[in-house]
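Residue numbers (our numbering), protein chains in the order written: chain Z, 13 to 102; chain Y, 192 to 1189.
Since the hints were derived computationally from the structure, they do not count as laboratory data.
Note that the structure is a prediction, hence the values are computed from the model and not measured.
The C-beta atom is built at its ideal place from N, Cα and C for all residues, glycine as well.
Heads up, some of the hints might be wrong.
Unchecked claim - Think about it this way: if two alpha-carbon atoms lie no more than 20 Å apart in a straight line, the pair counts; the simulated SDA-like pairs of lysine to any residue are:
1. Lys1158/Y with Pro1109/Y
2. Lys92/Z with Leu1083/Y
3. Lys44/Z with Leu941/Y
4. Lys1075/Y with Glu45/Z
5. Lys473/Y with Glu89/Z
6. Lys44/Z with Leu1083/Y
7. Lys17/Z with Glu359/Y
What the hints assert, rightly or not - Which chain Z residues face chain Y? A few, computed with CB under 7 Å, are given here:
8. Met13
9. Arg24
10. Ile37
To be verified - Which stretches of chain Y does chain Z cover? Using the computed rule of at least three CB atoms under 8 Å from a CB of chain Z, they are:
11. 430 to 444
12. 560 to 571
13. 1079 to 1090
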Amino acid sequence: MLYIKCPHCGMRSQNEFSYGGDATIKRPELGKEISDQDWDNFVYNRKSLRGKHWELWQHISGCRQWIKVERDTATHEIFKTLKANEEISL
Amino acid sequence: MTQSFRLKSGGLINRDKKISFRFNGKKYFGYEGDTLASALIANGVHLIGRSFKYHRPRGFFGAGVDEPYAIVQLYRNGETEPNIKATEQELFEGLEAKSVNCWPSVNFDVGAINNFLKIFLPAGFYYKTFMWPKSFWYKIYEPFIRKAAGLGTVSIKHDKERYEHKYEYCDVLITGSGPSGLASAYSAAKNGAKVVLAEDKSRFGGTLLTSDVNIGNQSGKEWADSIVSELKEMSNVTIKNRSQVFGYYDHNMLVMSERISDHLPKTKKYHPKQRLWYIRAKEVLISSGSIERPIVFGNNDTPGVMLSSAAKEYMKVYGVLVGKKPIVFTNNDSGYETAIEFKKNGVDPIILDTRKEPQSEIIDEAKNMNINIKNSYVVVAAQGYKKVKSADIAKISDDKEKLGSVENIKCDCICVSGFWTPTIHLASQSGNKTKFNEKIDAFVPGTSKQNEKTLGAANGIYTLEETLKDSFEKGNQLSKEITNNDNKVSFPNVVEKKSTVHDKFWCVPLPKGKNYKRFLDFQNDVAVSDIEIALKEGYRSIEHVKRYTTLGMATDQGKTSNLNGLQLVSKIENKVVPAVGHTTFRPPYSPVSIGAIVGREVGKHSKPTRKSPMHSWHEKNNAVFVDAGVWLRPRYYKRGEENLFEASKREAKNVRTNVGVCDVTTLGKIDIKGPDAAELLNRVYTNAWLKLPVGKARYGVMLREDGIVMDDGTTTRISENHYHMTTTTAQAANVLSHLEYYLQLVWPELNVNVVSTTEQWAGAAIAGPKSRDVLQKLFPNSDVSNEGFPFMGYMEGDLFGVKARIFRISFSGELAYEVNVQSDNGKFMWEKIMEVGKEFKIQPYGTEALSTLRIEMGHVAGSELDGRTTPYDNSLEGLLSKKKDFIGKRSLSREAFMANDRQKIVGVVPLDKKTSIPEGSHLVKDSNAPLPNPKLGYISASCWSVEHNNPFSLAILKDGKNMIGKKLFVMSPLKNKVIPVEIVSSHYVDPKGERVRS
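Construct the entire structure; sequences and hints are all you get.
Structure, rendered in structure tokens:
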């Protein structure tokens, strides 16, 4: 079970969180024309990386904040966590 | 029965307390402090079971967790449990155990015929033999294999015992209380670190209990006892026996199973049977010791052949002799310690040492005691069927390839020592990259991935002095970094006997003309010949060899067989062992009961039960409840002898003709506040929200980004910047997370707050032509006329002194209202509704009637909004705004979503107007078409229409818009039904929606 540092609450066990997928995906702006391919990339296409990965988690049984977590998908090592409004530096 | 193999004195058992127990129905006696194994051996019982594949007789091989043979079915306090190791099960008064994997009895076992068929049962024989004909598998092969194989019977009764879970956080977790565990725990504790020390066995001390050493002028055991009693007094130390750390997971979380009551005849009141600990440790010190490895020779599975360390443990801890004419067969000095112990207890052993001229302190001691030592000698084969009667022995050449002439000597046990294998399971589970240590012919932990270090024998350190020094230091060092204390512990004087190097010999060649089975894996009956076949057939990877032959795949996970298997593969393949590599170690280290893993989350406790504030009223009024997610909702209110069908029909009919009331507290409710609330709703819902006036409600549909309908519900504008959203019961939590996601991550510029208020409001839906009369009585001072309070209106009212929110919304399709009050007033509201509604013939209705009402109205719900349907599929396309963008809109213009013959919701009526249609059935054109019959659609919901008095269903049907009036068939292979049906509009009642506006 992972041990995740919530930027708001501190170290908490994984079972307080729910997973939210790739954190680097940006939703296209509302009302803007977008090609089928770009829309598919936003909705469906994910890289399924092995290694470092920025992902979203929600502290669902805690402060209910969405947070950004940099985790190694192979080793589960967590390098950094950010608040929702903090930018990821890749 | 006398305990004829019990020594006159010695051991750590309590001879003052005699304990009676039964094995295979026969009564025996042992002492307090015995294991089932030690007590049986004391009584001369060595036949304990039959092997898995060949049904060969099985005795005892070890004295603890590594035991591959002695697995029994245990009976305790009216319960039974399989897969119990006799070597671990502590004796208690009245214990009963039975052999497994034998029929009709352990002495006469029908399956033993497999032993004579063994040439037909080679490696992979299950894969080869039972492949065809295919039909034989279910009827013949599988039932036969099931009966013949297996390791006991699982009870199908409800387990009355209680199991608990506990979470623990500590600075240092130490797994094992041998010399390294005690030393490191002691120095870490002295630095003030929060220490958890776990010992799998009932006695602390590990090898200190059996080895002949001296620490600080005390015996090993005395030293262990004094350290343990000091640790027990320290408030920063948790020290647990009967507690096995069996799994090492991510981020230094380890799981430990504590056997609290298994050693007692009966669990004490309010005590759990077992407790599972989730331990998050800053540092882990693995002090799990090592397990002796066997030497492989002919018939080495015969009862009476066992590990030499086990024989010593039975003498030293339990005061029991495993035999009175022992042979000790060894390739290292450990065997001599066992032989010396035999001699001290008046038994004359013979030592067969594979080494030519070994010399050491221990060997000298054995020589001085006049023990018969034969160098360069091996056991070629054990003889005897149910117990060893003699051994074929021979001299072996210096290159270990050729045997001399074979002679037979009488014996009643063969104690084997093939040197020691470090227990690296936990380190390996943690992700440690293990490395091969040539000196000890075994893998040891290498580079750590997590905060873990391995000590003592588990790390391949086999001398006590070195172990203690290293462990004191590591314990001090790691804890110092955490607590900033540096209280050095003075190192005690250590006296131990020096030993010399072991012989790398591990497998005795077969003598000419003999074809003895030489077993590697004793629990799964994997012999040297099986591995040879697997390699001949082309299996190379050790992981494949393992799966094909089942080497190391039994419940003991190959604790005594792994390394010998690797040595064999490396020898045949002409590779070094590290090049072959070892298979993956996975938790649990040793079997854990399912009860402990599940803990208290059993039955009703498996999830929380949510009840509405009106629950007690429903109970009192004969409600029959149904699980709706975690909620308990009334399904119907039973009157007299009514069944579900009759009651729900009555309730639904009463709504259509008079008035009914339904508890809708479970609906998800989300409070939305902020200047940008309307903008949020406008983006989340598919329809327009910017112009909704205060005091009005609106129905909305929300999509996922992929264009699939996520949820629907009404949202009401309570005041300028304040909205009240409702969701379906099932999606309440998801919708809240969905809103939070967009507010926190996608559109943080929107100034809106959302919070769940599901539990803050109790809700009652009042529905039916007379509902306005009831509402007027509830709120005599409010204008509830159609003009004063129109459809989709909202107002606040005073319900006999209680503040209420009133919504004119309808799920049933009738004139209807929903009244919300604060939860604490829910029951009061409900009782008032029933009271004032009496004159209008009000009846409560449950979820079954609720469904009937919405189905015949064609209102979609969870069974249509199932995560696979679009707005169009649900005939909700009228709610899609063309003017604005919203979540998921772009997906709707993808090709498949716009296909002309897309599925759409329709109504379905059986032609005979009688036969009810099972939900989930398929719609087909031709009921006689050959299989697979093309499916046109499926029945999503069914009811008995109270309006038309015949069955009616909703279906999602391909090209639904052009299918109205067509005749199809409903097929349910599950219920063996074929029903001719007509496709009609999904709006079976009041298609124009006039009633809700009346």
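Verdict on chain Z covering the segment 1079 to 1090 of chain Y, where coverage means 3 or more residues with a C-beta closer than 8 Å: Coverage by chain Z holds here, the residue count being 3 at a Cβ distance below 8 Å.
Distance restraint between Lys473/Y and Glu89/Z, which requires alpha-carbon spacing of 20 Å or less: Status holds; Cα separation ~15 Å.
Ile37/Z as an interface hint toward chain Y, with CB separation required under 7 Å: With a closest approach of 10 Å, the Ile37/Z hint is violated.
Restraint status (C-alpha distance of Lys44/Z to Leu1083/Y at most 20 Å): 15 Å, holds
Lys44/Z paired with Leu941/Y [C-alpha distance capped at 20 Å]: Holds: Lys44/Z and Leu941/Y sit about 19 Å apart, inside 20 Å.
Satisfaction of hint between Glu45/Z and Lys1075/Y, Cα-Cα up to 20 Å: The given pair, whose Cα atoms are some 13 Å apart, holds under the 20 Å limit.
Proposed proximity, Glu359/Y with Lys17/Z (alpha carbon, max 20 Å): Holds. Lys17/Z to Glu359/Y sits at ~18 Å (cutoff 20 Å).
Hinted pair Lys92/Z and Leu1083/Y, Cα distance within 20 Å: 37 Å, violated
Chain Z over the segment 430 to 444 of chain Y, status - at least 3 residues with CB closer than 8 Å: With 5 residues close enough to chain Z, the hint holds.
Hint status (Cβ of Arg24/Z to nearest Cβ of chain Y, threshold 7 Å): Check failed: Cβ of Arg24/Z comes no nearer than 11 Å to chain Y, outside 7 Å.
Hint check: 7 Å Cβ-Cβ cutoff, Met13/Z to chain Y: Interface hint status for Met13/Z: holds (5 Å vs cutoff 7 Å).
20 Å limit on alpha-carbon distance, applied to hinted pair Lys1158/Y and Pro1109/Y: Within the cut-off at roughly 18 Å; holds.
Taken one by one, the earlier hints fail for this structure at numbers 2, 9, 10 and 12, listed in ascending order.
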